[in-house]
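Each protein sequence line maps, in turn, to chains L and R.
For the record, in the first sequence the residue sitting at position 127 is 126 according to numbering that gives the first Met the number 0, with numbers rising by one throughout.
For the record, in the second sequence the residue sitting at position 65 is 64 according to numbering that gives the first Met the number 0, with numbers rising by one throughout.
If you're looking for bench data, these hints aren't it; they were derived computationally from the structure.
It cannot be assumed that every hint is accurate.
[Claimed, not checked] Stretches of chain R that chain L covers, calculated by requiring three or more beta carbons in the stretch to come under 8 Å of a beta carbon on chain L: (1) 32–46; (2) 74–88; (3) 158–169; (4) 191–205.
[Unchecked claim] Think about it this way: if two alpha-carbon atoms lie no more than 25 Å apart in a straight line, the pair counts; the simulated SDA-like pairs of lysine to any residue are: (5) K26/R - T54/R; (6) K89/R - P104/R; (7) K204/R - R197/L; (8) K78/L - K26/R; (9) K204/L - G98/R.
Here the structure is a predicted model, which is why all the values come from computation and not from measurement.
Note that the Cβ used here is the ideal one computed from N, Cα and C, for glycine as well.
There are 2 protein chains.
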Amino acid sequence: MAVRKFSLISEIEARQIEPGSTVELEKGGHVTPLAADTLRERRVTVVPAGSVDATLPADLAPVADVRRIAIGADHTGVKLKAVLIDHLRKQGRAVSDLGTANDEPVDYPDIAGAVARAVARGEADAGIVIDGAGLGSTIAANKVRGVRAAMCSTPTLARYAREHNGANVLALGSTLLEVPAAIEIVDLWLSTPMREARYIRRLLKIRRLEERF
Amino acid sequence: MAVRKFSLISEIEARQIEPGSTVELEKGGHVTPLAADTLRERRVTVVPAGSVDATLPADLAPVADVRRIAIGADHTGVKLKAVLIDHLRKQGRAVSDLGTANDEPVDYPDIAGAVARAVARGEADAGIVIDGAGLGSTIAANKVRGVRAAMCSTPTLARYAREHNGANVLALGSTLLEVPAAIEIVDLWLSTPMREARYIRRLLKIRRLEERF
């Protein structure tokens, strides 16, 4: 699908752009304030001209506007999970809690695998997996085709994970993060879009690894 | 294969234990100092009685005595890679450098995929992959069956990655680590064995995810 390119987006243009789509703005181009509001409402992503590579599959970059989140934690992450679910629901997102519910030991690959499959099947726009360090859940979630999971212990990593690697699953270490830090990481991860074609193109090579090995 | 169990390992026993194998020591059991030297030479791993689950596949836990390492870095990690190769070779390990060689941009999935396949095929006992943050290489390497890749930004994570998750590929972020910290992480990761059956058992579930999704 060809990407529409604009030099000016006024309210009239904004109302004609398909909700949820991505459009390009020419260098020196302008979006009127009213149009900017409308674009936000319609969840339209505006990127610099030349950013979008029409030859790349449309489903390669992760969903930019995350509305439905699948979340899961092993026994070490139950408390952090509860805090995050509350936080995300207050932001108006739909959260599906895939367990576990108490501190009885469970195996992280079961939980991370369930969250990863929900994302891979398109039942969730993104996923969050929690275990003690976040490393095991990252390994397990990445074993599911279509999932790119990244363990982020800092906000900087959260931004990288999205911008550079299009991570659609975020892994957190419950024993390594205080609650406010975890919330900051989650919020930054959710609000960072993946925009640059040179990074998106690399995801094709990850897809090829999934298919071949 | 049944695991041999000892209450005392003296030099005589130590010389009869198969090199590279794992044996159990009874609670309150003892290893003589001379035997300890011999066991180290013969790369024998001594674990507490009951640690080894004979029903688990022998190739599930990562190689404890890492002699052959495959290493690769994208253009951001060439310098760190050179330092690590030198460090590892001085430790007497065989290191195969899978690129890249200069600062011309390459795609991290190509490099991480090559290192991961070397480990999966048994051409290397373990692998190290480097890119700017380490996140993308972790995703890519985990797409290869048999590989468990973990991005470790601290020594604590390096120990966890091995003890809990049996990571056979270590991912490092070149822009986030100073050289001495990277060396400390690599050394701790290489010298930490995976011993506990309850953790090893979880790797079976990761293998099942690889086979099914």
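Verification of the hints:
{"no.": "1", "hint": "32–46", "result": "violated (count 0)"}
{"no.": "2", "hint": "74–88", "result": "violated (count 0)"}
{"no.": "3", "hint": "158–169", "result": "holds (count 5)"}
{"no.": "4", "hint": "191–205", "result": "holds (count 4)"}
{"no.": "5", "hint": "K26/R - T54/R", "result": "holds (22 Å)"}
{"no.": "6", "hint": "K89/R - P104/R", "result": "violated (29 Å)"}
{"no.": "7", "hint": "K204/R - R197/L", "result": "violated (35 Å)"}
{"no.": "8", "hint": "K78/L - K26/R", "result": "violated (36 Å)"}
{"no.": "9", "hint": "K204/L - G98/R", "result": "holds (17 Å)"}
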